[in-house]
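A.B. asks: These protein sequences, in sequence, are chains A and B. So for the first sequence, numbering that gives the first Met the number 0 puts the first residue at 0; every next one is plus one. So for the second sequence, numbering that gives the first Met the number 0 puts the first residue at 0; every next one is plus one.
Because the hints were derived from the structure by calculation, they are not lab data. A few of these clues could be false.
[What the hints assert, rightly or not] Cross-link-like lysine to aspartate or glutamate pairs, in silico, DMTMM-like; alpha carbons within 20 Å at most:
(1) B:K251 <-> A:E118
(2) A:K134 <-> A:D94
(3) A:K265 <-> A:E275
(4) A:K134 <-> A:E111
(5) B:K99 <-> A:E275
(6) A:K141 <-> A:E118
(7) B:K99 <-> A:D94
(8) B:K251 <-> B:D232
(9) B:K251 <-> B:D114
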Amino acid sequence: MDDSMETMIEVQDLTKYYGPHLAVSRLEFQVAAGEIVGFLGPNGAGKTTTLKILAGFLAPSAGTARINGYDCVTDSLPVRRSLGYVPENVAIYPDLTVTQFLRFAARAKGVEAKAEKGETGRVLAACGLDDVRGKLVAALSKGYRQRLGLAQALLNQPPLLILDEPTIGLDPSQIVEIRQLIKDLEGAHTVMLSSHILPEVSQLCHRVIIINRGQIVASDTPENLSRQLGRGSRVVMTVTGPADQVEPALQAVAGVSRVLSQGGGKYLVEADNGHELRPQLAQVVVTRGWQLLELKAQEFTLEDVFLNLVTEEES
Amino acid sequence: MTQIRGWLAVVRKELTVYFGTPIFYITGFFFLLLAGYFFYTNVIYYNIISFQAAQQAGNPQVAAQLNPQQMIYRPLFAVLGIILLFLVPFITMRLMAEEKRSGTAELLFTYPLTDWAVIAGKFGAALLVYLILLAFTFSYSVILGLITRLDWGSLGAGYLGLVLLGAACLSLGLFASSLTENQIVAGVVAFALLLLFWIIGWVQELGAGALGSVFQDLSLLHHFENFTQGVIDTRDLVYCLSFIYFFLFLTKRQLESRRWRA
Numbered sequence: 000m001d002d003s004m005e006t007m008i009e010v011q012d013l014t015k016y017y018g019p020h021l022a023v024s025r026l027e028f029q030v031a032a033g034e035i036v037g038f039l040g041p042n043g044a045g046k047t048t049t050l051k052i053l054a055g056f057l058a059p060s061a062g063t064a065r066i067n068g069y070d071c072v073t074d075s076l077p078v079r080r081s082l083g084y085v086p087e088n089v090a091i092y093p094d095l096t097v098t099q100f101l102r103f104a105a106r107a108k109g110v111e112a113k114a115e116k117g118e119t120g121r122v123l124a125a126c127g128l129d130d131v132r133g134k135l136v137a138a139l140s141k142g143y144r145q146r147l148g149l150a151q152a153l154l155n156q157p158p159l160l161i162l163d164e165p166t167i168g169l170d171p172s173q174i175v176e177i178r179q180l181i182k183d184l185e186g187a188h189t190v191m192l193s194s195h196i197l198p199e200v201s202q203l204c205h206r207v208i209i210i211n212r213g214q215i216v217a218s219d220t221p222e223n224l225s226r227q228l229g230r231g232s233r234v235v236m237t238v239t240g241p242a243d244q245v246e247p248a249l250q251a252v253a254g255v256s257r258v259l260s261q262g263g264g265k266y267l268v269e270a271d272n273g274h275e276l277r278p279q280l281a282q283v284v285v286t287r288g289w290q291l292l293e294l295k296a297q298e299f300t301l302e303d304v305f306l307n308l309v310t311e312e313e314s
Numbered sequence: 000m001t002q003i004r005g006w007l008a009v010v011r012k013e014l015t016v017y018f019g020t021p022i023f024y025i026t027g028f029f030f031l032l033l034a035g036y037f038f039y040t041n042v043i044y045y046n047i048i049s050f051q052a053a054q055q056a057g058n059p060q061v062a063a064q065l066n067p068q069q070m071i072y073r074p075l076f077a078v079l080g081i082i083l084l085f086l087v088p089f090i091t092m093r094l095m096a097e098e099k100r101s102g103t104a105e106l107l108f109t110y111p112l113t114d115w116a117v118i119a120g121k122f123g124a125a126l127l128v129y130l131i132l133l134a135f136t137f138s139y140s141v142i143l144g145l146i147t148r149l150d151w152g153s154l155g156a157g158y159l160g161l162v163l164l165g166a167a168c169l170s171l172g173l174f175a176s177s178l179t180e181n182q183i184v185a186g187v188v189a190f191a192l193l194l195l196f197w198i199i200g201w202v203q204e205l206g207a208g209a210l211g212s213v214f215q216d217l218s219l220l221h222h223f224e225n226f227t228q229g230v231i232d233t234r235d236l237v238y239c240l241s242f243i244y245f246f247l248f249l250t251k252r253q254l255e256s257r258r259w260r261a
């Protein structure tokens, strides 16, 4: 995080017990204004608990969480005024229509009486809810309900949005729509979203915080995490040549840590941290008179990183 | 100012739910059916008795008892008080319990509303629903007032009693609803507590001495009786208002504790 940027979320030593069960343990992180941060972790890692504390719904057992400079426990009202929150599987009053609910939410969030109609109209349009504005919430599909959850969070333009698993339980086309909606929020809002879907986080977020068993195990940009924690880089190459010679020849290149033959002349070459192997690998193939059909660098995916971290923790 | 707007937002939301679902119509129908039945039978009874008194003539004791306040309204208010014990749990059991059960509490309590705005909003909406029902029963008196002379002062005192008693019962019902996420449990607890506060004064009649009079002072029935006789006593007013504040306060503490226990 850039120090010159304003801090939106500041969490220190945050701990939460449910009875004897420790859900979140001494969490510490910061989020700068304007960032989109992904909160990643397996089920039960403490993501939802942390977000509920940030949203002012739960009080921590120890430690502090500050939003926009306000303490989440002692200055709960200004905190709640600065954020829009979409809980996991957002529950909305089934007996109200979409418009009735948004009007209620707007008033509750302190939108001025004369701005109320315009503001609800704005979020209805932004979330693609115009077609269902007169429908009862009970009659909405899950995708629309999720959009309505996002719409109420956007009311009164809060600087911070907290989204707990915003795409859970949606079908693939709805997921794409919701992701696009979140992507459109970039710049105007700071967004903290939790997910256990890795591609989602790597697509949407500037930074990822990985949490496991209530503790942070990594925090960086998706690219950096892939690079640093993926332990070096990988190159995929397809070579036509005698298999028994190609593999040792590639292995002999300086910096190569491992060569895996994947059959059909395809090789996966892993290098130590920071080594760019492609020129040397190409040269080896060409000087031996073999044909090089394919040569490309392959990033470690966030999935690899995540599994690495989580399994390391567990072992 | 924003909290007043927030409070009004909660009132409007709750009223939309009351009027958008069958709760209001069904409870209202049966409440008015019963109230209408008792009013009608009281009027008929009053009619018969005064007809007989007119025929016999000259019994001053009977004549003193023969006025609409004594013959129609006192028994009507007494019976409406008892109907309230049954009616109130149906009005209040949903208020907090359903928010918790369905998960909407998570949105409601992360909006910038104080706990008081939420509690006063829900209480206000329930009270308004009750006042609407009560207003219908007042129409009986307006019609009766066209054909006979009524003591509007004592009638007003009786209605003030009903309003305060209803508000007291609603505050207790709201508290019961904040204790659980199960509406049925909330309703049963509200009914049991209301019944307890209704009959707690009976201990005194069993000769329980000083303690008995304390119990009597705690009884809703005891304080309501003065109103039904057309008497407005400050002690009864203070009792009702304190009762309402006490249970709204307990509801607030209950909501606050949720944040810590969860």
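A.B. asks: When the structure is checked against the list of hints, which entries are broken? Sort them ascending.
C.D. replies: Numbers 1, 4, 5, 6, 8, in rising order.
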